[in-house]
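K.L.:
Got chain A sorted already, so can you dock chain B onto it with the hints?
Here is how the chains run, residue by residue.
2 protein chains.
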Amino acid sequence: MRCTGDIEVRDLEEMAINIDPIQAGGRLTADAMKAVIAYGDGYSVCDNCRKPFRLDRIKRPPLDAFHRDLARFVNLDEARVMPGARRGFQAVADTYVEKGAPVLLTALAHYTEFLAIEAAGGVPREIPKDGRNLVTADAAAGRIEEVTREFGKPPAVLFIDHFDYQFGNEHQVREIARNAHSYDVKVMYNGAYAVGILPVDGKELGVDFVVGSGHKSMASPAPSGILATTAEHARDLFRTTGARGDLTQRQFGVKEVELLGCTLMGATIMGMMASFPHVRERVKRWQEELANGQIVIDALRSIDGTAILSEYPRKHTLTRVDTRNSFDRVAETHKKRGYFFTSALADRGIGGIIPGATRVWKFNTYGLTRLQCEYLASAFTEIARENGIPVG
Amino acid sequence: MRCTGDIEVRDLEEMAINIDPIQAGGRLTADAMKAVIAYGDGYSVCDNCRKPFRLDRIKRPPLDAFHRDLARFVNLDEARVMPGARRGFQAVADTYVEKGAPVLLTALAHYTEFLAIEAAGGVPREIPKDGRNLVTADAAAGRIEEVTREFGKPPAVLFIDHFDYQFGNEHQVREIARNAHSYDVKVMYNGAYAVGILPVDGKELGVDFVVGSGHKSMASPAPSGILATTAEHARDLFRTTGARGDLTQRQFGVKEVELLGCTLMGATIMGMMASFPHVRERVKRWQEELANGQIVIDALRSIDGTAILSEYPRKHTLTRVDTRNSFDRVAETHKKRGYFFTSALADRGIGGIIPGATRVWKFNTYGLTRLQCEYLASAFTEIARENGIPVG
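Respectively, the protein sequence lines represent chains A and B.
Read in this note's numbering, the first sequence has 178 at position 178, and its numbers run on one by one without any break.
Read in this note's numbering, the second sequence has 286 at position 286, and its numbers run on one by one without any break.
One thing to keep in mind: the hints can contain errors.
Because identical chains share one entry, a pair is satisfied inside a single copy or across any pair of copies.
DSBU-like cross-link-like pairs, simulated, lysine-lysine; straight-line CA separation at most 35 angstroms [what the hints assert, rightly or not]:
{"id": "1", "residue 1": "Lys51", "residue 2": "Lys335"}
{"id": "2", "residue 1": "Lys203", "residue 2": "Lys59"}
{"id": "3", "residue 1": "Lys34", "residue 2": "Lys284"}
{"id": "4", "residue 1": "Lys59", "residue 2": "Lys336"}
{"id": "5", "residue 1": "Lys99", "residue 2": "Lys315"}
Since the hints were derived computationally from the structure, they do not count as laboratory data.
Chain A with its partners taken away, still in its complex shape (with noise of 0.2 angstroms):
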């Protein structure tokens, strides 16, 4: 169906179960949906703004006191909104990474990561994972003296995923952050895949910098993001600019070099802040959500020569899976060959993997009801049953 010239109309969500990696927390709610649609044009959240002229300072719609509850929803002092977590990244690395500093990360740390840490002329170091995909205080520690020695300084920044994209697997970010401090390493927390879907308490955690992403977790349209930090780093991150024109003598107030000034102006920040008061209360729900989803993961692992890749028990909803000697066993004598799943799948209503994807692959079950969780089971024990692998 079209939407709109040669646009077709979206309508996934609609129409199944939507079990993609990175969409789960990103799905608006009703109440952003509206908020799109009354402010959808470009400088909508303008109308009002008044001086100093900043986004954070506009009272009508109330974006000062979103600013705040963003602050305190990670607790921190200091909240900016960002175009994606990854524009999050840019800024710590931009505002504390000198050209050929180290920096540490890990090695189940997101491409973005990478790409800020090359933008400011850093040189990107990783912490080892274990044999369990797990990235250990002990493993930043001895990652962090190795640096130190290599480069004759200890790194500029550690960045920390506390669930990586890969596993899902939650790392050990409060003993991380304790021994960067103790080697004076500022820590970077990346919560693309926990603020707004579980309780993040930046504090708590003794971590500088809080990402979060509003389109993978905030329920929130793209791009948009947090970027929170202490009081104390909030002088240097949000540094208002010091530019001058040398012959007009202009000045730009309170304007902050890395937000480049205002940074989400319409659509995204009222999407965000309409979503906001559900964020809040869904992050006290996490637990309920990790066992709908360990109904899905009960039923994967009784089916014969399926193996969960990620840590287990599950300490997040999305999980990575191996399923090279049970559904890719089936795709080489199936005449749909490796389409076979996902065609069974979407036959069943359930999205969101990629068309073909029979070795290893994720999902998620974030968002999703007990009895859809249980649906999904019982459509992955049934496929592996009607292809003729056993189902313990």
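P.N.:
Using the frame of chain A, we list chain B on its own:
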């Protein structure tokens, strides 16, 4: 009226003739609104993202074709979408400006250019404007020579706003570009008030980079914009990542460093794309827009004591006007003081001017019909007459 929570419905565009200086070109088309509704969810355009996993390679929705259309639209070789024009300035500055290197911009440059240069560590130097608030090719050449003497090397880049944000004056882009190139200086064209509302031909102007704003001039949600360049410069500006995980040996394929990978993954790019067929047509009607605007300009000029501060005749629909000797005189004794003027406009269904403004202010008639411009013109003269200002 409430939209949701403590968010009011925004109905400025429905309830008033909006002459806000920055909002005119960013009102969504009806098709953009449809697309924003269909693709509101976070990562909505990623349903069919396949290898090599990059926004501008997605075929469904046809983002790949849209990127090619955008390049053609500004007649350059390569284009990318960005989270606002400012992020385009940043990409150019980060790529070409070394720490401490001089960068030229103009006495009428937008603050976001200063911030992009500051973030990259460059030293901004202004090209002066002349007595008519125009930036000439001679002034640019003179400043290139001065700066070259001062720094011992030519400026890394010259930023030029085709139409500036203060007066909406047209500057000598073509001639400035020719001069800059004769000194081997790259030219970054700021088309925030041009791309999407009037014809822009990058090759014909002879510029190296074209930046446009989606939310300012392409009927798109914020933050959005484009960054286009020649095949020659695309290699540097859109360079793909060279980062590698030192332990895992991970590499990140075709992800572009300055874009930090993908930029606009949902409502923003879909709004841009749905508006694009309309935008491509509307630029051809620029002369009509100017003629409609002239009706309002004529009315303001007929009000005793009112001066058009922008160049005259007008070449843009954004205009700066001085009413210190007309409406501001009335404000001195009016019982509503300075608010009488915007209040009288509001009574007539006209919005978009900062409440209380009676001295020097800006307005934009872009997108208004001839009838609306006639109505606006008569509103200004009526308010003048009612308050005893002679209308000639």
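K.L.:
All the hints need checking, so say for each whether the structure fits it.
P.N.:
Against the structure, the hints come out as follows:
Taking identical chains as interchangeable, the C-alpha atoms of Lys51 and Lys335 lie at most 35 angstroms apart only when they sit on different chains, with a minimum of 24 angstroms there against 67 angstroms within one chain. Taking identical chains as interchangeable, the C-alpha atoms of Lys203 and Lys59 lie at most 35 angstroms apart only when both belong to the same chain, with a minimum of 28 angstroms there against 43 angstroms between chains. When the C-alpha separation of Lys34 and Lys284 is checked against a cutoff of 35 angstroms, the pair qualifies both within a copy, at 24 angstroms, and between copies, at 34 angstroms. Taking the shortest Cα distances, Lys59 and Lys336 sit within 35 angstroms of each other only across copies (23 angstroms), while inside one copy they are farther apart (57 angstroms).
In this assembly of identical chains, the alpha carbons of Lys99 and Lys315 never lie at most 35 angstroms apart, being 37 angstroms within a copy and 44 angstroms across copies at closest.
In the structure shown, a violation is registered for the earlier hint numbered 5 alone.
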